[in-house]
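These protein sequences, in sequence, are chains W and L. Start counting the first sequence at 1; every next residue gets the next number (my numbering). Start counting the second sequence at 1; every next residue gets the next number (my numbering).
In short, the hints are calculated from the structure, not lab data. All values reported here derive from a predicted model rather than from experimental measurement. Ideal Cβ positions, reconstructed from N, Cα and C, are used throughout, including at glycine.
Anything over 12 Å on all C-beta distances counts as not near chain L; from chain W, calculated: (1) Pro-7; (2) Met-10; (3) Asn-13; (4) Glu-15; (5) Glu-16; (6) Ala-60; (7) Ala-65; (8) Asp-67; (9) Lys-69; (10) His-76; (11) Leu-80; (12) Asp-82; (13) Ile-110.
With beta-carbon atoms standing in for the labels, derived distance ranges: (14) L:Pro-40 with W:Glu-16: 28 to 34 Å; (15) L:Ser-54 with W:Leu-51: 28 to 34 Å; (16) W:Ser-9 with L:Arg-100: 32 to 38 Å; (17) L:Glu-52 with W:Glu-11: 42 to 48 Å; (18) W:Thr-108 with L:Ser-54: 41 to 47 Å; (19) W:Glu-16 with L:His-85: 44 to 50 Å.
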Amino acid sequence: DAKTTQPNSMESNEEEPVHLPCNHSTISGTDYIHWYRQLPSQGPEYVIHGLTSNVNNRMASLAIAEDRKSSTLILHRATLRDAAVYYCILRGPTGANNLFFGTGTRLTVIP
Amino acid sequence: GAVVSQHPSWVICKSGTSVKIECRSLDFQATTMFWYRQFPKQSLMLMATSNEGSKATYEQGVEKDKFLINHASLTLSTLTVTSAHPEDSSFYICSARLPRYPETQYFGPGTRLLVL
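Isolated chain L, as found in the complex (with noise of 0.2 Å):
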């Protein structure tokens, strides 16, 4: 089956520090990956759609200069959010398409991030 891994799993860091999270295709190439935010006790919030080779969109009121995308191969792309404060803690997905059955989406493990 196809499988997404994420990188690291879990992370702290200090307010104003920047965070870079993986998210990798094993088996198959995607190109395009979704990142999810999920707060606690809350639904998954799509903030973008990354495009291997282009721009990620981002969702309305995601901000593109905090939480830089980078879909740089068909396996991997790259969720840095960068100057993190206290509310960017949260637990960050990703999911990626397999290219022939573009109905289905298959997600990571997930990153957990603490800013202190």
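Chain W extracted, bound-state conformation (with noise of 0.2 Å):
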């Protein structure tokens, strides 16, 4: 599986929009981008996944870059309840079904 990048720790003040970046400049043409979260003590969440174009539900959007070097997670409104560990991970089509997780960021909310 190509590698993730993400920054270590990010900080939002509550109710505001956040923006989480993603480095994947070894993404392969067939290579989704899955958004995963784990809030404290919990296992963790799907929150969204794309393969080019930005994708939005009901959590959040996905903003993935044109040449799908870099992707941004956006969180529209963040909330107390959005602290959490956010993991950014590429996933081939069919064969290998796991997920091999990163460091992902931690995101704190500040209220």
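Bring the two chains, given one by one in their own frames, into a single complex with the hints.
Given below as structure tokens:
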């Protein structure tokens, strides 16, 4: 699986948007970009995934660069419950179905 | 939505004993489940892939005789830590995939193991 690079930590004020970056310069043409988050003392939770086009769901938006070498997870209004470690993961479409977690970005939300 | 449960949520045991952790998919059938381990302040590390009706596939460096995995039904996989030692103390997390949407994994809440 191709490697991803994320900042170790970020801070955001409550109710403000948060942009979490992820670099994946060695991404292959068929790799999907997945985002999971892990709240303290819990298992990870699926957030969103995409291939080429930007994606929106009820939790977040995913903006994918045109060259696909980077992506940004966007939380439109951070709440205290969004404080978690956010993982950006690349996965091929077939074959290996497991996920390889990097170190992720620890998001702190300031009241 | 897809729900995965784990039991127990935490366990304390003496060194040398065996501990069994259950992972259940509550509202769907999962032919494949995954077991991860997470040490404090570290990321998740995949230990093994559990396949219903067949042997588990272990990641490099994970002892299959120490971490026994049984996936006897489409909704249950178990991980048994045999002859546990303090260095096995960790947060063990399982996940499962929805057969129709294999690109997404649903994780259990985790089991915290402390070996004294």
